[in-house]
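Q: In case you want the letters, here they are:
2 protein chains.
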Amino acid sequence: MDLTLSTDLYQLTMACGYWKAGIAEQRAVFHLFYRRPPFGGAYAIAAGLDDALTYLEELDFSPEELAYLGSLRKEDDTPLFPSAFLDSLADLRCELDVHTVPEGTVVFPHEPLLRVEGPLLQAQLVETTLLNLVGFQTLVATKAARVCDAARGQGGEREPVLEFGLRRSHGPDGGASASRAAFVGGCDATSNVLAGMRYGIPVKGTHAHSWVMAFDTEREAFETYAEAFPGGSVFLVDTYDSLEGTRVATEVGAQLRAAGHEMVGIRLDSGDMAELSIGARRILDEAGFPAATIVASGDLDEHAITALKERGARIDVWGVGTRLTTAYDQPSLGAVYKLGAIREEPSADWEYRMKVSSTPAKRSIPGQLGVRRFMRGGEWVADAIYDETLGLGDAPLVGPETGAARAVPADAEGHELLRPVLAAGRRTDPAEPLATARERARASVDALPAALRERTTDARHFVGLDARLARVRESITESHREKHR
Amino acid sequence: MDLTLSTDLYQLTMACGYWKAGIAEQRAVFHLFYRRPPFGGAYAIAAGLDDALTYLEELDFSPEELAYLGSLRKEDDTPLFPSAFLDSLADLRCELDVHTVPEGTVVFPHEPLLRVEGPLLQAQLVETTLLNLVGFQTLVATKAARVCDAARGQGGEREPVLEFGLRRSHGPDGGASASRAAFVGGCDATSNVLAGMRYGIPVKGTHAHSWVMAFDTEREAFETYAEAFPGGSVFLVDTYDSLEGTRVATEVGAQLRAAGHEMVGIRLDSGDMAELSIGARRILDEAGFPAATIVASGDLDEHAITALKERGARIDVWGVGTRLTTAYDQPSLGAVYKLGAIREEPSADWEYRMKVSSTPAKRSIPGQLGVRRFMRGGEWVADAIYDETLGLGDAPLVGPETGAARAVPADAEGHELLRPVLAAGRRTDPAEPLATARERARASVDALPAALRERTTDARHFVGLDARLARVRESITESHREKHR
Numbered sequence: 000m001d002l003t004l005s006t007d008l009y010q011l012t013m014a015c016g017y018w019k020a021g022i023a024e025q026r027a028v029f030h031l032f033y034r035r036p037p038f039g040g041a042y043a044i045a046a047g048l049d050d051a052l053t054y055l056e057e058l059d060f061s062p063e064e065l066a067y068l069g070s071l072r073k074e075d076d077t078p079l080f081p082s083a084f085l086d087s088l089a090d091l092r093c094e095l096d097v098h099t100v101p102e103g104t105v106v107f108p109h110e111p112l113l114r115v116e117g118p119l120l121q122a123q124l125v126e127t128t129l130l131n132l133v134g135f136q137t138l139v140a141t142k143a144a145r146v147c148d149a150a151r152g153q154g155g156e157r158e159p160v161l162e163f164g165l166r167r168s169h170g171p172d173g174g175a176s177a178s179r180a181a182f183v184g185g186c187d188a189t190s191n192v193l194a195g196m197r198y199g200i201p202v203k204g205t206h207a208h209s210w211v212m213a214f215d216t217e218r219e220a221f222e223t224y225a226e227a228f229p230g231g232s233v234f235l236v237d238t239y240d241s242l243e244g245t246r247v248a249t250e251v252g253a254q255l256r257a258a259g260h261e262m263v264g265i266r267l268d269s270g271d272m273a274e275l276s277i278g279a280r281r282i283l284d285e286a287g288f289p290a291a292t293i294v295a296s297g298d299l300d301e302h303a304i305t306a307l308k309e310r311g312a313r314i315d316v317w318g319v320g321t322r323l324t325t326a327y328d329q330p331s332l333g334a335v336y337k338l339g340a341i342r343e344e345p346s347a348d349w350e351y352r353m354k355v356s357s358t359p360a361k362r363s364i365p366g367q368l369g370v371r372r373f374m375r376g377g378e379w380v381a382d383a384i385y386d387e388t389l390g391l392g393d394a395p396l397v398g399p400e401t402g403a404a405r406a407v408p409a410d411a412e413g414h415e416l417l418r419p420v421l422a423a424g425r426r427t428d429p430a431e432p433l434a435t436a437r438e439r440a441r442a443s444v445d446a447l448p449a450a451l452r453e454r455t456t457d458a459r460h461f462v463g464l465d466a467r468l469a470r471v472r473e474s475i476t477e478s479h480r481e482k483h484r
Numbered sequence: 000m001d002l003t004l005s006t007d008l009y010q011l012t013m014a015c016g017y018w019k020a021g022i023a024e025q026r027a028v029f030h031l032f033y034r035r036p037p038f039g040g041a042y043a044i045a046a047g048l049d050d051a052l053t054y055l056e057e058l059d060f061s062p063e064e065l066a067y068l069g070s071l072r073k074e075d076d077t078p079l080f081p082s083a084f085l086d087s088l089a090d091l092r093c094e095l096d097v098h099t100v101p102e103g104t105v106v107f108p109h110e111p112l113l114r115v116e117g118p119l120l121q122a123q124l125v126e127t128t129l130l131n132l133v134g135f136q137t138l139v140a141t142k143a144a145r146v147c148d149a150a151r152g153q154g155g156e157r158e159p160v161l162e163f164g165l166r167r168s169h170g171p172d173g174g175a176s177a178s179r180a181a182f183v184g185g186c187d188a189t190s191n192v193l194a195g196m197r198y199g200i201p202v203k204g205t206h207a208h209s210w211v212m213a214f215d216t217e218r219e220a221f222e223t224y225a226e227a228f229p230g231g232s233v234f235l236v237d238t239y240d241s242l243e244g245t246r247v248a249t250e251v252g253a254q255l256r257a258a259g260h261e262m263v264g265i266r267l268d269s270g271d272m273a274e275l276s277i278g279a280r281r282i283l284d285e286a287g288f289p290a291a292t293i294v295a296s297g298d299l300d301e302h303a304i305t306a307l308k309e310r311g312a313r314i315d316v317w318g319v320g321t322r323l324t325t326a327y328d329q330p331s332l333g334a335v336y337k338l339g340a341i342r343e344e345p346s347a348d349w350e351y352r353m354k355v356s357s358t359p360a361k362r363s364i365p366g367q368l369g370v371r372r373f374m375r376g377g378e379w380v381a382d383a384i385y386d387e388t389l390g391l392g393d394a395p396l397v398g399p400e401t402g403a404a405r406a407v408p409a410d411a412e413g414h415e416l417l418r419p420v421l422a423a424g425r426r427t428d429p430a431e432p433l434a435t436a437r438e439r440a441r442a443s444v445d446a447l448p449a450a451l452r453e454r455t456t457d458a459r460h461f462v463g464l465d466a467r468l469a470r471v472r473e474s475i476t477e478s479h480r481e482k483h484r
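Chains as they are written, first to last, in numbering that gives the first Met the number 0: chain A, 0 to 484; chain B, 0 to 484.
Any given hint could turn out to be false.
Where chains are identical, the list cannot tell them apart; a pair therefore holds if satisfied intra-copy or between any two copies.
[As the list claims (entries may be wrong)] With a cut-off of at most 30 Å between alpha-carbon atoms, the simulated BS3-like pairs for lysine-lysine come out as follows:
1) 308 <-> 354
2) 308 <-> 361
3) 19 <-> 354
4) 354 <-> 482
5) 73 <-> 19
6) 482 <-> 19
7) 361 <-> 482
8) 73 <-> 361
9) 308 <-> 482
No lab work stands behind these hints, which were simulated from the structure alone.
Taking the hints into account, I'd like the entire structure generated from these sequences.
A: Shown next as structure tokens:
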């Protein structure tokens, strides 16, 4: 899919404005970040960044796209874009330098997930598409991490979570990219075949109610399915009556066993799944199928899974759809992309830029930013946001919303979250396997302090600004106040 | 985008099961509908149906797709799909007969938006993709209709609503298809350039905060923008202070006027927009710009627009983003696709099929269904769902959830909502212009009784089953009860 025009018109009118004003080649640095952790939690899982890089590498206005732009008119019916500007777009190739956190990284509010540097025109032009790609996938990866974190056995071991959300996703691509992000966030497989082919995610699935309804009896439906897939039968038992269906499944399972195969299990999709799973477990065990798994699906999310576990549900595998891939309880991360600094040419000094607001949380952070994460003996100490020019000093960090100070112990080990991934528009390294991002997310969530993993929490990891950067931000805010007094 | 594999794996395993069982060529009829009106309202606006037809027409397994399916393995590491089955998929072309309501039609719970008839294998295979395409677009078109219905002046005239949601949409296609659906639902334009090119939707937009931040002063930013787009300047005034920004805009507007151009207006994007718009209106009027429009954006939806109007906001144009294109307060319609009847061959009688449930609302409606809408003198009387074989009788209709009876007056005029659109997999007519669907939606919403247009309402349009169909449904439910007694 060509994403060059998957952007807001104003990115193009601004590009044209910069071009007309002769400042298109000024250098700018933008940061993509979010302000509030989604779903009432304390963290997010970065995702969609590799898709963002692919978009940037492939940025290219085709003749058809330019013809369309050339056809647009202003209110006075004159062309919106001068043809010389469109000619310049025809030659445009991405020259941006980009840093990102690796996909699957735990990220906190105000930390840049992505830093874009280069010609003002280009760095501005890509805003909408980057927000669209990274915002949505980060949201779904975070939801998946929360769901998978809830789906743990009594010893804390992770139970399989399957993503089943395509039918309720926002368009085909809203489905495929949600499947990708859900996998990064920790899911084990998807039902989405296109996502399986495109991203190498394991695909899973068995049959639907309509399979059962296509036959005269549930037994005939199960027998026919077992005959077609003797080694891979999960019977959906709730078309008519879940426990009765489970009994029928065990009888078909016995036939399968006589023929040398084992049924894999059953799926519950409606009703009181705590009670039904306990009943189904008993029926399966008594019929000699203690290894048969119980899959549950139907409006599940981290809250429903936790509630089912609290009620003693005997569910082995979790099928999670709508509430995961639409991020049902918060369908937007609210990611933003803000200008941090500008300079006339690459050799000049950066001039700080920030969005001033009467709400401290809405003030952006000026500079060309880096993020250093400090750990000590496996404990999360603090994350520091600093300006590359000013560096990261030893003075206590300053909370960007509260102003609270926090010193980083001298023996804490820091590592940089942002890595250079695109130089002058070209990848510096090949894309990593998606499974690597997934392992990173799972390991990071496992390592988080319990308070930050709570489903709903006011706990926050300390993210602070370098003290000098905080003073710069304060003085810019102050000078705006002066100006408007 | 090739959507053939944008489906759940189980559609393919079921297809394989039908093929193995020798029943792939049995005839089936499925219906796509929703059960509860979204957003607490009383209606939905059908959308996405033309995209669904394009998908069906283009259904085709490529060698690459078949190779991928051939690579899938069962738990015992044997191939999931026999190669003879994959060979049959290579030859598959859509043979389905499809009826739909026209896009932009007001539809109520339980009414089929789309009816699919044809070989069981094919009619089942397409479920997920149809739900994905039609469910999402119907949801967004409905949201757009509600937003546009709220955006009316004191005389009831519609005010312009611009859709700005791409950056928060669910992937690029979640954005483009949301823009399409928002236009069908009544929006006037989109910021999404790709949607503009693809669907011919008018595109709109001016500049962002980062434009203002790229210059040393707001005045310089506005002047530069005015110079670049003298005939099309809407100045975003809230980067530093909305009212101060409005004053600067009037000064630049005066310069523009001296040069023979008129500024179009200003945009407010944060703060108390009732108060700010009243203040900005006064500043604009006093400075001699009574015709300058005030555009508002920022977390708007039908509720926020209504609240602003109640507070006397002086807003002329509404920019609606996140809450529209993500359907923020209900990001899934919960559309379903249910088998209604099956027969061994085209000449045989249909055998009814239905999903039985202890919840009346969740019982599906058996048959090969039609929908007739009855009006009398411009008043909405009732919608009747009937089975094509049984026909629509004169006896009172029966509510599918409540069992309530309602007679249709003899002088009511009925018209069929479902129209044949695909015959043996090919369109019977060319696609209609999107603007036609939009006009249909706007006219239908305008004609709805006030009670059904309330933002939150328990009022329902009466949708009833033909009396004989209701008895068939009752008797199938009863026989299932008997069976499980």
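Q: Now tell me, hint by hint, if it's right for this structure.
A: Going down the list of hints, with the structure as the test:
Taking CA atoms no more than 30 Å apart as the test, residue 308 paired with residue 354 passes between copies only; the shortest distance there is 29 Å, against 46 Å inside one copy. Within a single copy, residue 308 and residue 361 get their C-alpha atoms only as close as 39 Å, which misses the 30 Å cut-off; across copies the closest is 26 Å, which meets it. In this assembly of identical chains, residue 19 and residue 354 lie within 30 Å of each other by CA distance solely inside one copy; the values are 24 Å within and 63 Å between copies. Taking CA atoms no more than 30 Å apart as the test, residue 354 paired with residue 482 passes inside one copy only; the shortest distance there is 15 Å, against 68 Å between copies.
For a Cα distance limit of 30 Å, the shortest separation of residue 73 from residue 19 inside one copy, 17 Å, qualifies, whereas the shortest one across copies, 60 Å, does not. Taking the shortest alpha-carbon separations for residue 482 and residue 19, only the intra-copy value of 29 Å comes in at or below 30 Å, while the best inter-copy value is 78 Å. With identical chains, the CA atoms of residue 361 and residue 482 are at most 30 Å apart within one copy only, with a shortest distance of 19 Å there and 62 Å across copies. Taking the shortest Cα distances, residue 73 and residue 361 never come within 30 Å of each other, neither inside one copy (33 Å) nor across copies (51 Å).
Taking CA atoms no more than 30 Å apart as the test, residue 308 paired with residue 482 passes in neither setting, with 58 Å inside one copy and 33 Å between copies.
Of the numbered hints listed earlier, those contradicted by the structure are 8, 9.
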